[in-house]
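Undergrad: Letter by letter, the chains look like this.
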Amino acid sequence: MKKKLTFAAALLAASVLGGMANAKQLVYCSEASPAGFDPSPWSGGNDFDASSRTIYSRLVEFEHGKTTISPGLAESWTVSDDGLEYTFKLRPGVKFQTTDYFTPTRDLNADDVIFSFERQWKKESPWYSYLEGTGWEYFTGMGFPDLLKEIVKVDDLTVKFVLNKPEVAFLPDLGMDFASIVSKEYADQLDKAGTRQQFTQKPVGTGPFQFVDYQVDAVVRYAAWDGYFGGRQKIDDLIFAITPDPAVRAQKLKAGECDIMSYPAPADIAGLQGDANLKVDEQEGLNIGYLAYNTTLPPFDKVEVRKALNMAVNKKAIIDAVYQGAGAPAINPIPPTMWSYNKDIKDDPYDPEAAKKMLADAGVKDLSMKIWAMPVSRPYNPNAQRVAELIQADYAAVGVKAEIVSYEWTEYRQRGKAKDRDGAFQLGWTGDNGDPDNFFFLLGCDAIGQSNYAIWCNQEFEALLKKGKATTDVAERTKIYEEAQVVFKREAPWLTIAHSKVFMPMNKKVSGFVMDPLGIHRFDGVDVTE
Amino acid sequence: MLRYLLHKLALIIPTVFGISLAAFAFVRLLPGDPILALAGERGVSPERYAQLIEQFGYNRPYVIQYLEYIGRVLTGDFGISIATKRPVLGEFQALFPATLELATVALIIAVLLGIPAGIFAAVKRGSWFDQATMGVALTGYSMPIFWWGLLLIIFFSGYLGWTPVSGRIGLQYFFRPTTGFMLIDSLISGRSGAFKSAVSHLILPSIVLATIPLAVIARQTRSAMLEVLGEDYVRTARAKGLAPRRVIGLHAFRNALIPVVTTIGLQVGTLMAGAILTETIFSWPGIGKWMIDAIGKRDYVVVQSGLLIIALIVMAVNLIVDVLYAVINPRIRVQ
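As you go down the protein sequences, you meet chains A and B in turn.
Each step along the first sequence adds one to the number in the working numbering, with nothing skipped, and position 107 is 214.
Each step along the second sequence adds one to the number in the working numbering, with nothing skipped, and position 80 is 75.
FYI, nobody ran anything at the bench for these hints, they're computed from the structure.
These numbers were taken from a predicted model, which means no experiment stands behind them.
None of the hints are false.
Simulated crosslink set (EDC-like; lysine to aspartate or glutamate; CA at most 16 Å straight-line): (1) A:Lys477 - A:Asp529; (2) A:Lys615 - A:Asp382; (3) A:Lys272 - A:Glu257; (4) B:Lys80 - A:Glu239; (5) A:Lys229 - A:Asp253; (6) A:Lys524 - B:Glu42.
Isolated chain A, as found in the complex (with noise of 0.2 Å):
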């Protein structure tokens, strides 16, 4: 079988380097060149799509397009009554990419799940510092080295994580590209060469697609692995074409130079939808734009401040303007399509005169204040300082004056987070695993100065999302959480702007791409028609 896989490999890199002519293609024009190939130090959604979601492969998976998991490269799972304890069973059989520069001589066992952590996680182990300054952000930003107590090999094909506290989102989690499973017989052969580096420049994963080859800066390939364990795959050959201004990508698409582009410009989505061999997909974007008022300074302390100035902003006209009808109001913290949205809740409704009043009876006069605006467009957010603009001429009508400031994107964050920043921030969040807390944590009393940007600590709300962390029940997170969301309107420490919808134009031929909501690219399951 070893020898099959061999020359499979060599015959497929044979004809990819030959350009084979009948070859099926797909060429994906992507926004920006990967940092590297390994899925876990790098935290942008280019290195995951070139990285995770293509040559390697999790132990839960999300359902494609959607945000529930369903089984990886475990085919089951139990977890343990006090929630400490998760026992996974690995999928037999499961084989490693065989590559130019890599023969496996194994299939997928427990040791390459424990090596994939604690690389991330051990600071003895000789992985953990094997790129000069790898953070390993995701690992640590999710809160792992705190969660795990050990990760048991019980046999070979059965792997057993200890926790020190229950953790709800732990499943999602791991079905996250940071947990991406790699081949620790491939680390060891690199260890013996003294080549480690080559880790992150030439992959080895489980996934349905193997790396062929990347010109940095302009593109990479990948070819279909017969050996994945889902089914080989219909397109023969992968291609990211490195594009990253937005207008170019669609005139490649248009020219058919590309079959697939990511986050086209809003201005060019008509004429993208108006082309007859394309199609446009769209879907509701998972993320909020948001205005966090300072909770902790003088007037913004007081709701009824907080509210007042909700109330006089017209939500409908910065969708018109700015997202171009691709965006729809947002009531909650959390978009629509996350389970547990409180559908009862009310927006706070457009009214200047009852805004003024408000702030009148709040004892509130000749408020000057600043709106920040990022300098940045997001899949959020794509002008924030128009938007800005807009709250601005609503704010004058009800009598604040306001001031729009914006820095450099890193400076930009870094003085937001500020104890004693004036007015009220603009922001946003994409998530990242389904789960709604995967939201709720940005208003969490310990992510004060990190991206708690409200300022804002409510114990009530912070009780609220405690014990939704601890509960394993669903229909009772769900009441936790929406219980929670009345708090939060009630309290109002942001203004909540939009959600913005995501678009994703290809040519007609292209068959069996699914939008995820996690704004992720995949290409398994997709074809193209000849």
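Starting from the known structure of chain A, arrange chain B on it as the hints suggest.
TA: Below, chain B without anything else, positioned relative to chain A:
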């Protein structure tokens, strides 16, 4: 000649140190920092931030950081990219041929079109040709590269379908680079149609990149020629009955060459700057796009080392230009 060369080389050493210091300071003066850029929107806790800052050594005094950096550079170690964890020199070597190829073709276009246009405009001073050439040159000089590039893509690639939209070669041609120069690699690959595809991919980006240098060279040639054409020796040559072509080509143009060569030398810097935008529009995998990405990510190591390497190349080209002066006009050596 050797003394002249040594004198020029001696001037380069302090310049290199000056540039290394400026590049080092420039990237640190920019707002933002690499740790926050790496962390993304999820953010990083203050403890973790402090830990990473220490790991990268950015908490140490700037003087120490600079001395350590320059010490490594002197041994040929330009550092490792914070974002990609790859050696800066390796990334530069992989990407530079693409920029060099594009810049060379752009410079050839600019020189081949700019010099004759400048000469004819000077000879036919005040004619419609002169006015049209200078008008076009001024327009080219003033045109924002980003807009101009996009306009050409929409018209020639989108509307007419004559040229590819972006990239270096058609995606159906896959061969590992031998020299990094696509024109050469496509030729030696033996793949039918590869060279043609590489040429067609070069057309629009090289035109866009050549636009400003072409305008500058044309204007400089015209003005140098006008000055020389008014000289006594040119009048004498004409009075002697020499053919106009000989007067212009041999007597006037040779003497007008010094400022033109200077201008061409200076265009190397302009080409490097122009490459940044041109490469971004045309998805051209060169050092311009690489630098832009590095600045966006506050990748201190790539920005400071990349700027230094580019400056070294520009200085080397200027040195060659200085030597060319001495060849064209031996009096310069004596001075």
